[in-house]
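Residue-level listing of the chains:
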Amino acid sequence: MGRYVLRRLLQMVPVFVGTTFLIYALVWAVPGDPFEGKCGERDCPDAYVAMMRDRFNLDDPLLLQYWKYLVNLVQGDFGVTSSGVQVVDRIVTAFPVTLKLALVALLIEAVIGITAGVVSGLRNRGFLDSLVLVSTLFLISIPVFVTGYVVQLVFGLQLGWIAPTVTTPSFGNLIVPGFVLASLSMAYVARLSRASIAENRRADYVRTALAKGLPTRRVVGVHLLRNSLIPVITFLGTDLGAFLGGAIVTEGIFNVPGVGGLVFRSILTKDGAMVTGVVTVLVLVYLLMTLLVDLLYAVLDPRIRYD
Amino acid sequence: MLLEVEDLHVEFRTRDGVARVLNGVSYRVSAGETLAVLGESGSGKSVTAHAIMGILDTPPAFVTRGSVRFHGEELLSASAERRRSVRAEGVAMIFQDALSALNPVFTVGFQIEEQLRVRRGMSRAEARARAIELLDLVRIPAARQRVREYPHQFSGGMRQRAMIAMSLALDPEVLIADEPTTALDVTVQAQIMDLLAEIQRERQMGLVLITHDLGVVAEVADRIVVMYAGRIVEQADTVSLFRSPGHPYTAALMRSLPRLDSKGTALETIRGLPPSLLRIPSGCPFHPRCPRAEDVCVSDVPGAVRLGFGRTSACHFAEEVVGGFGG
Ligand SMILES: Nc1ncnc2c1ncn2[C@@H]1O[C@H](COP(=O)(O)OP(=O)(O)OP(=O)(O)O)[C@@H](O)[C@H]1O
Ligand code: SF4
Ligand SMILES: [Mg+2]
Numbered sequence: 013m014g015r016y017v018l019r020r021l022l023q024m025v026p027v028f029v030g031t032t033f034l035i036y037a038l039v040w041a042v043p044g045d046p047f048e049g050k051c052g053e054r055d056c057p058d059a060y061v062a063m064m065r066d067r068f069n070l071d072d073p074l075l076l077q078y079w080k081y082l083v084n085l086v087q088g089d090f091g092v093t094s095s096g097v098q099v100v101d102r103i104v105t106a107f108p109v110t111l112k113l114a115l116v117a118l119l120i121e122a123v124i125g126i127t128a129g130v131v132s133g134l135r136n137r138g139f140l141d142s143l144v145l146v147s148t149l150f151l152i153s154i155p156v157f158v159t160g161y162v163v164q165l166v167f168g169l170q171l172g173w174i175a176p177t178v179t180t181p182s183f184g185n186l187i188v189p190g191f192v193l194a195s196l197s198m199a200y201v202a203r204l205s206r207a208s209i210a211e212n213r214r215a216d217y218v219r220t221a222l223a224k225g226l227p228t229r230r231v232v233g234v235h236l237l238r239n240s241l242i243p244v245i246t247f248l249g250t251d252l253g254a255f256l257g258g259a260i261v262t263e264g265i266f267n268v269p270g271v272g273g274l275v276f277r278s279i280l281t282k283d284g285a286m287v288t289g290v291v292t293v294l295v296l297v298y299l300l301m302t303l304l305v306d307l308l309y310a311v312l313d314p315r316i317r318y319d
Numbered sequence: 004m005l006l007e008v009e010d011l012h013v014e015f016r017t018r019d020g021v022a023r024v025l026n027g028v029s030y031r032v033s034a035g036e037t038l039a040v041l042g043e044s045g046s047g048k049s050v051t052a053h054a055i056m057g058i059l060d061t062p063p064a065f066v067t068r069g070s071v072r073f074h075g076e077e078l079l080s081a082s083a084e085r086r087r088s089v090r091a092e093g094v095a096m097i098f099q100d101a102l103s104a105l106n107p108v109f110t111v112g113f114q115i116e117e118q119l120r121v122r123r124g125m126s127r128a129e130a131r132a133r134a135i136e137l138l139d140l141v142r143i144p145a146a147r148q149r150v151r152e153y154p155h156q157f158s159g160g161m162r163q164r165a166m167i168a169m170s171l172a173l174d175p176e177v178l179i180a181d182e183p184t185t186a187l188d189v190t191v192q193a194q195i196m197d198l199l200a201e202i203q204r205e206r207q208m209g210l211v212l213i214t215h216d217l218g219v220v221a222e223v224a225d226r227i228v229v230m231y232a233g234r235i236v237e238q239a240d241t242v243s244l245f246r247s248p249g250h251p252y253t254a255a256l257m258r259s260l261p262r263l264d265s266k267g268t269a270l271e272t273i274r275g276l277p278p279s280l281l282r283i284p285s286g287c288p289f290h291p292r293c294p295r296a297e298d299v300c301v302s303d304v305p306g307a308v309r310l311g312f313g314r315t316s317a318c319h320f321a322e323e324v325v326g327g328f329g330g
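Residue numbers (this note's numbering), protein chains in the order written: chain A, 13 to 319; chain B, 4 to 330.
Rather than coming from a laboratory, the hints here were simulated on the basis of the structure.
Every residue, glycine too, gets a C-beta built ideally from N, C-alpha and C.
Be aware that a few hints might be false.
Far from chain B, some chain A residues (derived; all Cβ distances over 10 angstroms) [to be verified]: (1) Arg19; (2) Leu21; (3) Gln77.
What the simulated footprint calls covered on chain A by chain B, stretch by stretch (three residues with Cβ under 8 angstroms from a Cβ of chain B suffice, anywhere in the stretch; the number is not a length) [as the list claims (entries may be wrong)]: (4) 203-217; (5) 224-238; (6) 307-315.
Turn these sequences into a full structure, and let the hints guide you.
Here it is, written out as C-alpha cells:
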C-alpha cells in the first residue's frame with residue numbers, strides 16, 4: 013500500500029504541473045491588457061503598468077514566468093493580487109466555508125439518497141419505487157440554478173423560513189444551500205443505490221446468508237448493504253471532491269463566501285493572481301481526493317489490492 | 004422420518020408465462036442415509052432444495068402444493084420464525100459455486116462465526132475458537148491463520164471446504180449438497196467427496212447429494228432419485244438401479260454419463276432437448292425423446308409403478324424396461 017501511495021503521489025507531479033501551467037497560460041498569456049479597467053474610466057498610468065508588469069514578471073518569456081510562479085508556490089507564496097491582497101489569505105478564509113458547505117451537502121446527499129435508493133431497491137416495482145424513480149428523474153432534469161432560485165424565492169422570500177442569503181456561514185445556515193448543492197447528486201446516489209441493491213439482492217451470497225438462518229434484517233443490513241454500498245460510497249467520495257472544487261452557482265445564489273464565489277469574482281475582475289492561486293489549490297485538492305477514493309475502494313473491497 | 008418431501012409443486016410466474024418447475028416431487032431421507040438426486044440441468048434439483056430450505060425467490064417462485072416435513076413437522080405452513088430456526092440447525096445446505104456463495108467482503112471466519120454468535124449467542128472469542136475447530140475438521144491447513152482470510156484468498160477446493168465447515172457450524176441433522184464438486188478439478192473433487200462422505204458417516208447425518216457424477220453416486224449413495232421435468236421418474240436403491248434401470252430416461256442418462264467401467268465405449272447423448280417448462284408435453288413428459296414411446300405415452304400420464312421394495316418408476320412400461328426389454 014505504501015509504495016502504491018508513493019507512486020500515485022509521484023504521478024501527480026506532472027499532472028499538477030500540466031494543469032497549473034495551462035491555467036497560468038490561460039490567465040496571463042491571452043491577448044488583451046491584463047490591467048484594463050483597473051484604474052477606473054481612464055487608462056492606467058504608465059508607471060503603474062510598468063510596476064505591475066514587473067510584479068507579475070510579465071516581460072519574461074511565459075515558461076520563465078511560470079517557473080518563477082512555481083518556485084514561489086513551493087515555498088507557500090501564492091503571490092499578491094493587483095490590489096495588494098495576499099492570495100493565500102483569501103484562500104484561507106474562503107476554503108473552510110466551502111468545506112463546511114461540502115460536508116453539509118455530502119451528508120444530505122448520503123442520508124436521503126441512500127435511504128431512498130435502498131428502500132426502493134428492496135421492493136422494486138412498488139409505489140415507493142415509482143415515487144423514487146419519478147422524483148429523481150425530476151431532480152436530474154432541473155438545472156441547479158433553477159432549484160437554487162426557486163428554493164430561495166419560496167422559502168427565503170415568500171415563506172420567510174430562511175434567510176435568503178447566508179450572512180454567517182454556520183452549519184445551520186448552510187443547510188438550505190447544501191440541500192440545493194446536493195440535490196442533483198442525491199438523485200444519482202438514490203438511483204445508484206437502487207440499482208446496486210436490486211442487482212445484489214439475488215446474489216448467491218445473499219441466498220447463503222438466508223440458508224444460514226440469519227434474521228432478514230441481518231441478511232439485508234449486513235450482507236446485502238455492505239456489498240451494495242461499495243460503488244455508492246466511492247461515488248460519494250468523488251462527489252466530495254467536486255463539491256470542494258467550489259459550488260460556483262450555489263455559492264453565487266446564496267451569497268456564500270466560499271471558494272466558488274472567490275473564483276467567480278476573480279474572473280469577473282480579471283484578478284489573474286487570485287484565479288491561478290485558487291485553481292492551483294483546487295487542482296491539488298481534487299488530485300488528493302481522487303487518491304483517497306481509490307484507497308477507500310481498497311478498504312471497502314478486500315479483493316482489490318494495490319501492491 | 005427425518006426429512007420428507009411430498010407431492011411438491013413449484014411454479015415460477017414469469018413475464019413469459021407460468022413455468023411449472025416442480026410437478027409433484029416426493030423423496031425422503033433418514034438419519035445416516037445418503038440420497039443422490041440425479042437429472043439433467045433444469046430438471047428442478049436445486050429448486051427442490053431451495054423449497055426445502057424455504058429460500059426460494061418469491062416472487063417469481065411459488066409453492067402451490069405439497070408438503071415438506073422435518074421430523075414429521077410440516078414446514079411449508081410453519082411460521083417464518085420457525086422455518087428460520089430449522090435452517091442450518093435442522094437442514095443445512097452447501098452450494099455449487101463456493102466463490103459466489105461466500106460473501107466476498109467478509110472473512111471466512113466471520114461467515115462461520117456469525118451463525119454461532121447470532122444463533123447460539125456465543126461471544127466473539129468462543130465463536131472464533133469454534134470456527135478454527137471447524138476449519139480443522141474439514142482439514143484446512145493453518146486454520147488459525149486462514150480464519151482471518153477472505154474467500155478470494157482460498158483455492159477452489161479450500162473454499163468448498165470452508166463452505167462445508169460453515170454448513171456444519173450448527174450441527175445440522177440433514178445436509179443438502181447441491182453439486183458440491185462441479186466447480187472443482189477432478190483430483191480435488193474426489194477429496195471433497197471423501198470428506199463429505201466421512202463427515203456424513205461420523206455424524207450420522209442425512210445427506211441429500213445433488214450431482215451429475217454417476218461414479219460418485221455409485222460410491223456413496225444409498226438410494227437414488229432421478230428427476231425429469233420437475234418429476235421424480237425413478238427411485239431405487241443404488242445397487243438395483245445400477246444393475247438395471249427401471250425407466251428409459253434413467254437408462255439413457257446412464258449411457259450418457261461417463262463411468263469407470265465404460266472406458267472405450269462411446270458415450271451417447273440423449274437425443275432432443277429437455278422440455279420447456281412453460282409447455283410440458285402431454286402424457287409422459289419424456290415421450291418426445293423416449294426411444295420406446297408408444298401412443299399411450301402421448302395421451303396418458305404414467306403413474307409410479309412399484310418395482311419391488313422401495314423402488315418405483317413412472318413409466319407405462321416400467322416392468323419391461325427393468326426386465327431388460329429395451330429402454
Ligand atoms: N428465477 C427463475 N425464473 C424462472 N425460472 C427459473 C428461475 N429459477 C429457476 N428456474 C427454472 O427452474 C428450472 C429448474 O431449475 P433448477 O435450478 O432447479 O435446475 P437444476 O436441476 O438444479 O439444474 P442444474 O443441474 O443446472 O443445476 C429450470 O428450468 C429453470 O429454468
Ligand atoms: S411412459 Fe412411454 S414415453 Fe414415458 S418413459 Fe415410459 S415408454 Fe418412454
Ligand atoms: Mg442446480
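These are the hints, each one checked on the structure:
| no. | hint | in the structure |
| --- | --- | --- |
| 1 | Arg19 | 24 angstroms, holds |
| 2 | Leu21 | 27 angstroms, holds |
| 3 | Gln77 | 51 angstroms, holds |
| 4 | 203-217 | holds (count 4) |
| 5 | 224-238 | holds (count 8) |
| 6 | 307-315 | holds (count 4) |
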